[in-house]
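2 protein chains.
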Amino acid sequence: MNFKFSERISTLQPSAIREILKVTQDPTVISFAAGNPAPESFPAAEMASIAAEIFANNAASALQYGVTEGYGPLKELTAKRMKEKYNIGRTFDDIIITSGGQQAIEMLTKALVNEGDVILCEMPSFIGALNAFRSYNAKLIGIPMDHDGMDMEVLERTLQTTQNVKFIYTIPTFQNPSGHVMSLERRKKLLELAQKYNVLILEDSPYFELRFAGEYVPPIKSMDETGCVLFSGSYSKILAPGIRIGFAIAPKELISKLTVAKQVSDVHTNLFFQMIAAEYLKRYDLDAHIAKICDLYRTRAELMCNRIDEKFGGKVQYVRPTGGLFLWCSLPEGYDSMDFCRKTGEKKVVAVPGSSFSIDEREITPSFRMNYSLPSEEQICKGIDLMAEVLHDYVK
Amino acid sequence: MNFKFSERISTLQPSAIREILKVTQDPTVISFAAGNPAPESFPAAEMASIAAEIFANNAASALQYGVTEGYGPLKELTAKRMKEKYNIGRTFDDIIITSGGQQAIEMLTKALVNEGDVILCEMPSFIGALNAFRSYNAKLIGIPMDHDGMDMEVLERTLQTTQNVKFIYTIPTFQNPSGHVMSLERRKKLLELAQKYNVLILEDSPYFELRFAGEYVPPIKSMDETGCVLFSGSYSKILAPGIRIGFAIAPKELISKLTVAKQVSDVHTNLFFQMIAAEYLKRYDLDAHIAKICDLYRTRAELMCNRIDEKFGGKVQYVRPTGGLFLWCSLPEGYDSMDFCRKTGEKKVVAVPGSSFSIDEREITPSFRMNYSLPSEEQICKGIDLMAEVLHDYVK
Numbered sequence: 001m002n003f004k005f006s007e008r009i010s011t012l013q014p015s016a017i018r019e020i021l022k023v024t025q026d027p028t029v030i031s032f033a034a035g036n037p038a039p040e041s042f043p044a045a046e047m048a049s050i051a052a053e054i055f056a057n058n059a060a061s062a063l064q065y066g067v068t069e070g071y072g073p074l075k076e077l078t079a080k081r082m083k084e085k086y087n088i089g090r091t092f093d094d095i096i097i098t099s100g101g102q103q104a105i106e107m108l109t110k111a112l113v114n115e116g117d118v119i120l121c122e123m124p125s126f127i128g129a130l131n132a133f134r135s136y137n138a139k140l141i142g143i144p145m146d147h148d149g150m151d152m153e154v155l156e157r158t159l160q161t162t163q164n165v166k167f168i169y170t171i172p173t174f175q176n177p178s179g180h181v182m183s184l185e186r187r188k189k190l191l192e193l194a195q196k197y198n199v200l201i202l203e204d205s206p207y208f209e210l211r212f213a214g215e216y217v218p219p220i221k222s223m224d225e226t227g228c229v230l231f232s233g234s235y236s237k238i239l240a241p242g243i244r245i246g247f248a249i250a251p252k253e254l255i256s257k258l259t260v261a262k263q264v265s266d267v268h269t270n271l272f273f274q275m276i277a278a279e280y281l282k283r284y285d286l287d288a289h290i291a292k293i294c295d296l297y298r299t300r301a302e303l304m305c306n307r308i309d310e311k312f313g314g315k316v317q318y319v320r321p322t323g324g325l326f327l328w329c330s331l332p333e334g335y336d337s338m339d340f341c342r343k344t345g346e347k348k349v350v351a352v353p354g355s356s357f358s359i360d361e362r363e364i365t366p367s368f369r370m371n372y373s374l375p376s377e378e379q380i381c382k383g384i385d386l387m388a389e390v391l392h393d394y395v396k
Numbered sequence: 001m002n003f004k005f006s007e008r009i010s011t012l013q014p015s016a017i018r019e020i021l022k023v024t025q026d027p028t029v030i031s032f033a034a035g036n037p038a039p040e041s042f043p044a045a046e047m048a049s050i051a052a053e054i055f056a057n058n059a060a061s062a063l064q065y066g067v068t069e070g071y072g073p074l075k076e077l078t079a080k081r082m083k084e085k086y087n088i089g090r091t092f093d094d095i096i097i098t099s100g101g102q103q104a105i106e107m108l109t110k111a112l113v114n115e116g117d118v119i120l121c122e123m124p125s126f127i128g129a130l131n132a133f134r135s136y137n138a139k140l141i142g143i144p145m146d147h148d149g150m151d152m153e154v155l156e157r158t159l160q161t162t163q164n165v166k167f168i169y170t171i172p173t174f175q176n177p178s179g180h181v182m183s184l185e186r187r188k189k190l191l192e193l194a195q196k197y198n199v200l201i202l203e204d205s206p207y208f209e210l211r212f213a214g215e216y217v218p219p220i221k222s223m224d225e226t227g228c229v230l231f232s233g234s235y236s237k238i239l240a241p242g243i244r245i246g247f248a249i250a251p252k253e254l255i256s257k258l259t260v261a262k263q264v265s266d267v268h269t270n271l272f273f274q275m276i277a278a279e280y281l282k283r284y285d286l287d288a289h290i291a292k293i294c295d296l297y298r299t300r301a302e303l304m305c306n307r308i309d310e311k312f313g314g315k316v317q318y319v320r321p322t323g324g325l326f327l328w329c330s331l332p333e334g335y336d337s338m339d340f341c342r343k344t345g346e347k348k349v350v351a352v353p354g355s356s357f358s359i360d361e362r363e364i365t366p367s368f369r370m371n372y373s374l375p376s377e378e379q380i381c382k383g384i385d386l387m388a389e390v391l392h393d394y395v396k
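Heads up: the sequence lines are chains A and B, in that order. Going left to right, the first sequence walks through residues 1 to 396 as the working numbering numbers them. Going left to right, the second sequence walks through residues 1 to 396 as the working numbering numbers them.
Since the hints were derived computationally from the structure, they do not count as laboratory data. Errors might be hidden in some of the hints.
If chains are identical, the list can't say which one is meant, so a pair holds when it fits in one copy or spans any two.
As the list claims (entries may be wrong) - Taking lysine-lysine pairs in the BS3-like style, the calculated list, with each CA pair at most 30 Å apart, reads:
# : residue 1 : residue 2
1 : Lys-4     : Lys-139
2 : Lys-382   : Lys-348
3 : Lys-396   : Lys-252
4 : Lys-139   : Lys-347
5 : Lys-348   : Lys-311
Work the whole structure out from these sequences, hints included.
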């Protein structure tokens, strides 16, 4: 039969990036294109022991339907940790467990955005969020950023002149793809603008605990006294992504709408792993575990940067990351990173061209994203060496 | 701040049923209101042994990000079983793993329905589906049904006279809430109408393997030679619901749009339990396991029916179920089941009033839904006895 898809979905195109990423299925390819955490960092032994106990003592509950809002103890332990450690959450807030951080983004868009409404995003930004916004026919307006985050003057001008802005999307800490950290001053300014223009902030923070250098900058939500921030957190990068567990902390009124949206979407998140995560939080020292992950990523990030300094001959610009998973690299002005990444792909080493993170994916950009959390030290060295060969051929 | 929710979500009201179901949190309440399978039916020991092996040998993959379409072996084993056992799936079809059957319903609506487009539903129908449709501002038109399923004459007249019908939603086998099984003749007619009017059928079949009496009626999808049926299946009622694993089989073009929708929603379904389910299918005899579940439900359904016959004095009409989880009961014409269920709730026994399954939830209906899969034999007897007391007081 002839399918007539909805307007919201028919506008969604498979990403150009897919072509390039296809080669990563070849095991001989070195991939700097992923957003995956290091599998060595998964606390598999601890989870295995908890799982065995749940199967032995509590299987009937763990395998049965659960409530949409999430497993009670996981909600409580998460909210408590976020409050005590980061001052996130006030009495007007509530928490919901999500099936990964991505789900909070999708559900918030569903709950707030009518077709044609506006979402303001950092430029460049996370492709998964941009596609979620597109999947509701939102109009995306990009706000330029520098190393300190979004340009607040452009943001205010945009808020002044744009109707139906539903929220401002930001990854303030170790942004994807740029790795940038929004300065404290700009965080305060952003909060002030959100209040002034009555626009919600979606603070997407899957990486914020992965700091391995520099100084802590408090989450925007920790300063939110009026309920204009939704904080989306995730266990994907600090426990494991395959379990699909995240959480959102936001004003009760908003969480109750997200609960309705989640109820009709997946009813609830896998209950067994919600119980594993809760037990992990009870029994083990998550902070110590995160510190170990940070050590690992510091080593890999430094190795990648040092190797680039050594091999790229200054032809690529980047800023040393202080946390997160990504290194944002730029070819000299005028070069097309899509073309460059296609060429490195032919040499079996892959990065993600910057256009994948653009609001207009046809945009030509000299920047590309490199991931250092997944590849081994050996792969990092070999991959940078291969890229260097392509680079010196490409940029004369 | 002031939240302005989207039109699609602000129309979604918390269900009236919630008030009544609140009392089910009291452990002294006997609940016939659930849609839960019996926890005794979960293959916990088998899953525990598989889980231990995955943790020991394959944790790095099982806890890492997976692909949106689903874990390869689970897709293959599910497609193979559906094809060999039920003749579901043709060369033009593909399969996607979903986070429970509910997710297929939500994603299909997202992919096909513009605001104001029409979905045709059985009347009454599954509340989770109706709310998913409402969450995209679909216009719902109910088609009356009898014990043989939807009224095909009314359906054809509706198709003739209605613009922008995007799909027909049916639970043909052991329908929720009515327990009805659509006859083979009507299934063929439905397929013919779908082809004639170029309208998709969403065949939602979470219960179809739970037959404990009567004769097998083939799924609509097994007769679909032109690709006008999406078959939504689930492991919730034959393995366990807390793991949130279902699947959809439909033409490739449609599955590829569902994949885009899933990518932006939860990226993929919990990978660890997808691997457990795949290993279960490889190692154990799922059909034998289902046969045991059917034995259990036959016993409970018969007990409930016999006790009703004994105690209700003919004041409630019902048809003996041949499978599934539900018994659909009706008070004499003119009585309001909402009022009746409120009264039984006060006596600590709970059923779901029929209005919860209506397109217009304010509708007054004499029918209510009883679940026999979750309560124990003792609870069934005691609960029916308590209901009988209320009934004889209520219907003179």
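Taking the hints in turn, this is what the structure says about them:
Taking the shortest Cα distances, Lys-4 and Lys-139 sit within 30 Å of each other both inside one copy (22 Å) and across copies (17 Å). Only within a single protomer do Lys-382 and Lys-348 lie at most 30 Å apart by alpha-carbon distance; the minimum there is 11 Å, versus 69 Å between protomers. In this assembly of identical chains, the alpha carbons of Lys-396 and Lys-252 never lie at most 30 Å apart, being 57 Å within a copy and 46 Å across copies at closest. When the C-alpha separation of Lys-139 and Lys-347 is checked against a cutoff of 30 Å, the pair qualifies neither within a copy, at 38 Å, nor between copies, at 53 Å.
With identical chains, the CA atoms of Lys-348 and Lys-311 are at most 30 Å apart within one copy only, with a shortest distance of 18 Å there and 75 Å across copies.
Of the numbered hints given earlier, the model fails hints 3 and 4; all others are met.
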